[in-house]
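Engineer: Please take these sequences and the hints and turn them into a complete structure.
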Amino acid sequence: MKLKTLLLGAVACAALAPAAFAERGKDGNVSIIYWQAPSILNPFLSGGTKDVESSSLVLEPLARYDDKGEIVPFLAEEVPTLANGGVSEDLTTITWKIKPGLLWSDGSPFTSADVKFTAEYCMHPEGGCAQLSFFDGVQSVETPDDLTVKVTFNQPKPNPYGPFVGGQSPILQKAQFENCTGAKAPECTQQNFNPVGTGPFKVVEFKPNDVITLEANPNYRDPNKPAFATVTFKGGGDATGAARAVFETGEFDYAWNLQLAPDVIAKMEAGGKGKAITGFGPLVERIEVNMTDPSPSLDADTRSTRKAPHPFLSDINVRAALSMAIDRELLVEVGYGKAGKPTCDLVPVPDNYAAKNDFCMVQDIEGANKLLEDAGWVKGADGVRAKDGVRLSLVYATSTNAVRQDFQALIKDWWAEIGVETELRNASASVFFGGDPGSPDTFQKFYADVEMYANTFNGTDPQQYLAAYRCGAEPKPESQWQGENINRFCDPAYDALIDELARTGDIAKRGEIAIKMNNMLTKDSHTIIGLVHRGRVSGQSNTLGGHVLNVWDSELWDAADWFRKQGS
Amino acid sequence: MTESAPKRIGALTDTIPSQPPRSQWLDVWDQFKQHKGALIGGITFLTIILAVVVGPEIWWVDAQYLPKGREFINLRDTRPIYHALWDESAKVSWLYPLGTDNLGRDTLARMMQGGRVSIAVGLTAMLLSILLGTLIGVTAGYFRRLDGPLMRLTDLFLALPLLPMILVASLLFREALSKTFGVEGGVFVLVVGLIGITSWMHTARIVRGDVLALKEREFILAAQSIGTKPSKLVMRHLLPNVMSPIMVSATLGIAVAIITESALSFLGFGFPPDFPTWGRLLNDSVDRMDLYPERVLWPGLAISLTVLSVNYLGDGLRDALDPRIRGR
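Chains as they are written, first to last, in the working numbering: chain A, 1 to 568; chain B, 1001 to 1328.
Source of the hints: derived by calculation from the structure; they are not laboratory data. Treat the numbers as computed from the prediction; the structure is a model and nothing was measured. Since no wrong hints were added, every one of them can be taken at face value.
Derived CB-CB ranges, DEER-like:
1) B:Leu1172 / A:Glu126: 27 to 33 Å
2) A:Ala270 / B:Ile1058: 40 to 46 Å
3) A:Lys565 / B:Tyr1065: 49 to 55 Å
Far from chain A, some chain B residues (derived; all Cβ distances over 10 Å):
4) Gly1055
5) Ser1089
6) Leu1131
7) Leu1153
8) Phe1157
9) Phe1188
10) Ser1231
11) Ser1244
12) Gly1300
13) Asp1322
Backbone N, C-alpha and C define an ideal beta-carbon position, used for all residues, glycine too.
Structural biologist: What follows is the structure, encoded as structure tokens:
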């Protein structure tokens, strides 16, 4: 009898084991470190990648991009296409079917009303929504029933996967944010810090610019996921510290965006606790040229707004010369090694949309000097060029990061050779990308003449990314300094192309238009000076499983599938 | 009647001094010499100052000079010259005795240039904070009516979170100052001013306490009774007696100022990133600490040596300047 019981017990255990393997919360805690600390968990109020990605643990879109750049359904049952009838023949509507039975983490049902509300929230005229370009051309969002959302565009939309797709455009809960629309949006601290979501985790405590504590969402749609019961999401510090914490000490399981020199990463990997993972997405390190005057002598309503054009950067010759003076290959060698390639473009991939310009690949100090000379900028006694009393003296801002500071020093030196005086400035990444309208050091406010950072787009279609440079979409005092047109680029011909791209369905034609737009910003106007096409490098602990680096969407897109490897 | 000179009373005759009189400063020097640590500290401090002031005149390599073109790729892993002692294959060059940084800039030149700034910031900020601290401490201690308000002000400053306040202040004044004094000059004034204004409180408290005690002593009473004006009383009787705590605060202040400056630079509120200071050099090198330990070692050593030597110097000076300790 006894033996039989034992045997039965053993059999039962064996049968239960696989089930136990995929049990929610069995793997304890996972620690993630982002060296730029999230300051808000509402991606609609911040353009910062750190905020978008941290919130993607909680908030989810209807569909998102996988590691190959293909759209996969998340909250939707399937991705609507022309073939399955989800997208209308005239390309003006897209109808999403939501998975039945979805619950918010507070237990209330997820309905189409929440989706509709999200659109209203972002498209509110006074809201200053940071992701407004995702809702470009949306005429109306209708909800025929609780599980159906029909988006109607004001014109044929060949790429209708803007709203509610990707980590930058997730769904907010209507019940929670109902009273937080328009100008009140930034004031709803409780909501913005603790959004209720449908994702694998829910917020326990959010300390802005520090730590987020999360726990498994009890109402997550897959009862066996996530494998981790809690998440400690630490923000702040620097890339070096983050890399050390994963590679050398093993304190953290995942570190995002290790922007470190190649020799440094290789040395740290020898620590043996983790490995660096890379992937090439559309991430481009660039210099953005301010087309407006950031002079401190202007009053707050005029400074760095389109009311005041820049005294010398509005001259295309100056911008072209700045670009010509840069040796991009050298920059790659110093800062990125295998994780970077020189580029002149804003959109480097995918192939269909990449202009593959090479006008800037060879450094040409002499040519730059000649260009400036011919344009009437004459070198003064101090070696700085001037014209009509305007000196070519500029402020060059970026975030605090060893690689970026090396770039600054090198570029300053090259610019000195063409008679441009440069003052370097750097601000802590949490401040620079923080989007706080009160701080003068944010990249949106652009109180500098040129600034350097990297940006990317989610998915494989650059339409929204390029639409960001629409005239009027720039950060300005009236929009609480939110907006995407960072360098205040303004060209009616470009705006017309944005609309044309939005109307065009033919993929080859789309590529043509996108390349033209890319060239208008880079080759033809040098408003954006491309530097390095960067691979994304992240650090992953050897004991963390289930993660695939995704360069097309939030890196934490598959957090629900993460688990702790057995035997570790 | 003939007048005769009054007879001298024996006790009142002056004896001729057996040795020439000594000045007070000679005594101070004698006492100072006794303190070995102070002597070594003083010499070290003078050497460091000499090195950073005169050094760049002799070693005239521009600290901000970047090797042109691709040249620096070959230069950026140059090690200090002494590496050749134990590693024959090490890449060294007499042109770069302390090696180079990651962009091929000469470390020796950057150390000296950085030292100029760091020491200038340290000394000026210290002077400012001592001046403020002493002024407020003496005023509060001597004039009873001002005691309350001034000490509450001190408490107020002590209660402020300093780093955030410095950050806010630097946001507000950075642009205005850099317009008046130029970029680097503006930051210098800003950093020195901010550190000075936020670090006088401890000096003020200590000085006040000492002045309160001294005020009740007989020699002050005596001075007051013969009609000495308060200003003279403070200058002649009070200040020399509170010299020792001031000296100690001053030496500690230099260290704090150098460290605060590097913290500010790191946060992006100090000097521009290509402008070398010891704190900045240290911060820049942390990434490659295990590959190139000398890049953190030298600036770190320089900061520690400066702080330590100033501390010892202050200790010796305090002993030497205090007439009660002197000669014991």
